[in-house]
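Using the sequences plus the hints, can you model the full thing?
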Amino acid sequence: MVEHFLARLFLRASPLRSLTLVSPFVNIMRDCRYPLADLSAKIQAQRIPTYFVTREPEEAWQDEAVALLAKNAWIEIRFNEFLHAKVFVASAMQESESFAVFGSGNLTGAAINSNLEVGMLLLARGPGRKLVDELYYWATNNLRVLPESHLYKPMHAIRK
Amino acid sequence: MPDETFQDWFCLKNRATFTIDPKVNPDDAKLYFGRDTLRDRIKKQVSRAFIDPQVPKMMFYGAYGSGKTQTLYHMAWDMAANKPASCKGKPHVVHLDIEVQSKSSADSWHLQMTEALEMGTVKGWLDELFNASKNFEQEVAKLTTEANLQMGFKQLRGGGDLAFSAWRWLTGQDMSAGELQEIKVTRVLGDVGVGDLVAATIALGNLARAVGRELIFFMDEMEGLQNVKQGDAAESWHDYLRKLSDNSNSSVGFILGFKADTIDDAPRILVRPDVTSRIGKQNLIELETLAAPANVKSFVEDMLKFLIDHPKAEKLIKAEGLTSSLKTFPFTASAFDLMCDYACQDPHKSTPRNIIRTINECAITAWDATPTKKRVVDDAIVNDIAPVIFG
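Heads up: the protein sequence lines correspond to chains P and W, in order. Our numbering numbers the first residue of the first sequence as 626 and each following residue consecutively. Our numbering numbers the first residue of the second sequence as 9 and each following residue consecutively.
Just so you know, these hints were derived from the structure itself, not from any lab. Check each hint, because a few of them may be wrong.
[What the hints assert, rightly or not] When the alpha-carbon atoms are kept at most 20 Å apart in a straight line, the in silico SDA-like pairs for lysine to any residue are as follows: (1) P:Lys755 with W:Asp36; (2) P:Lys755 with W:Leu104; (3) P:Lys755 with W:Thr27; (4) W:Lys31 with P:Pro752; (5) P:Lys755 with W:Ala124; (6) W:Lys21 with P:Asn767; (7) W:Lys31 with P:Ser643; (8) P:Lys696 with P:Asp663; (9) P:Lys755 with W:Pro34; (10) P:Lys755 with W:Asp35; (11) W:Lys31 with P:Glu759; (12) P:Lys696 with W:Pro395; (13) P:Lys755 with W:Ala84; (14) W:Lys111 with P:Gly751; (15) P:Lys778 with W:Asp392; (16) W:Lys313 with W:Arg23; (17) P:Lys755 with W:Glu107; (18) W:Lys31 with P:Asp758; (19) W:Lys38 with P:Asp758; (20) P:Lys778 with W:Asp376; (21) P:Lys755 with W:Lys38; (22) P:Lys755 with W:Asn33; (23) W:Lys31 with P:Asn767; (24) W:Lys131 with W:Arg221; (25) W:Lys320 with W:Leu20; (26) W:Lys31 with P:Met718; (27) P:Lys755 with W:Pro30; (28) W:Lys111 with P:Glu722; (29) P:Lys778 with P:Ile673.
Written as structure tokens, this is what we have:
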């Protein structure tokens, strides 16, 4: 389901207001259709304010991924050691184009290619709107201001 | 205080962050900042509308983030909390975001409106009418002269499987000849045109009024009508709206919201002269961006005044010698002015949504400044955050 989120993110043209990625683990997703480097490049090119919450890396592969994202001026990174949730929210300028995924999959190649994961893709239309709003509100506001969510790297201001 | 929360830190009243969203927090519907003149104008027009044409018929448009959703939710809240004297019944508001596909026609609009109203609500009203009247048939006949609609209402009140079929019929869904025969109606609703569907909607409004309610639909995202490409489909939406806008409808109110930077960008279906002349041009209202510095300041001051626990903030400012005044807390005076300047640089972006987001993000940045957390937002923080949002 993480791949579905990324596919929708890459293939749909709606301008985004923000992107929120909540995933306890992350790697560079080298063998995936949408590797982390491409995601970061998209964020940079389209200047999408992005909030990424993860656990502090303990392994080299996590370090590598966080280091890649940390180079991006449009990404804020936070570490939260209690994080277990996996939530991905793309908030579009046109609200009905927003979408979200929540489930068991991390932002890793294993979650996409080999693990058995479940997840639900929600579109901000009809009854899905309220659910996407709730996830956005939680991930982009409440989670980020928890005392346990330590800022690792702020988003740097860049004038267009 | 390691356990202190963001809410405590910024003396927020009953909320975790500075964000406002009536869809997530229904209580936020009561908030309407910095647009007192517009709010007063809307209130007056709504109050007048309950006298003639007896229900409000209005449209709001503006850029993304200009406050359409907040305006619609606030209006609905205000109608309930401060019911205009001219409104005889209890307002029954129904919120829905209209979905439109390229081939959608008015059938889809009618279906979305009736489903948002809900079968249980209408059945409850019919039960109320039944319990309050000696002759139910006579009462139903007062709601509509259309025999099929009368039958639909009676079947719906009767309950069971037939009630379910009757509801499906009232929503305009396709039904087999057998199903129609079961509920004793002679045709699918809408088969003879849009007027059929509008007659059902008006009958629902009459039913609401008969049991002391005023039925008002708040419909957002009508800009989706730009997607309707087929001529016949577009005409059916237009006919439905024109008939609802007409003075002959004095039972069902509607407030529409749509994204349009200027009125020229509006879906033509909504703003053709035969519609705007019926609802009255004064009821087609632009939600302007806040653009002018005075408007932004007034918006932010109003917002902070409401969100911040002032006695608590006052104590904090004194106790910690913060470089902030009660009026601008958690911003320093110069950071407050700076943020307002940023917000005014591009009139297209000086929207309530962007301003609220900037305030929240500035506060989060101040909160992040560990280990020496600052309780105030200074110029450096505003210079970091505002360009991302307003740049």
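Please write out, lowest number first, the hints stated earlier that are contradicted by the structure.
No hint contradicted; all consistent.
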